[in-house]
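> Take the sequence shown: its letters are residues 1 to 141, numbered as in my numbering.
Bear in mind the hints are in silico, worked out from the structure with no lab data behind them. Glycine residues also receive a C-beta, built at the ideal position from the N, C-alpha and C atoms.
In silico DSS-like links for lysine-lysine, alpha-carbon gap of 27 Å or less:
hint, residue 1, residue 2
1, 59, 72
2, 105, 131
3, 99, 131
4, 131, 94
5, 94, 105
6, 59, 45
7, 72, 94
8, 7, 59
9, 9, 45
10, 7, 45
11, 59, 9
Computed Cβ-Cβ distance ranges for the label pairs, DEER-style:
hint, residue 1, residue 2, range
12, 72, 94, 23 to 29 Å
13, 96, 58, 32 to 38 Å
14, 71, 112, 18 to 24 Å
15, 3, 110, 58 to 64 Å
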Amino acid sequence: MRFSNLKQKAVDFFSEARFVGRIHNEAEYEQALELMDDLIEDYDKYLPLIEVLSASIEKWEDESEQFSEFNKRIETLDDGVAILRTIMDQYQLKADDLKNELGSKSLVSMILNGSRNLTRDHIQALSQRFKISPSVFFNGA
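Build out the structure end to end from the sequences listed, making use of the hints.
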């Protein structure tokens, strides 16, 4: 099998869109996000390119100075709280919307700010309501 044609296509592609392999600056990061938005529209067709591009975006977000403070805050977050925040964001919920699963609005706020922990009963109730495994609320899940 001859790879000369394939190699030339790769050289041409990465010359035009080098950010796919590695992002070097904010402008390339923005281009990568824009391309990702387009690719996701036909996910199955573009899966190999999505995988390469997502690795490039993730590396930029892990190493870029602009994300350093955000990354530090994320590292200190309890996994359960991070999952809870994600659920609230995805379902556009407020603290009051979770009173059946977690209790009062003030208790939800205390859980979100880290002064109270999610209990086993909280996790079970959230898992049942949102049809997710309880394991997602624990470190390493």
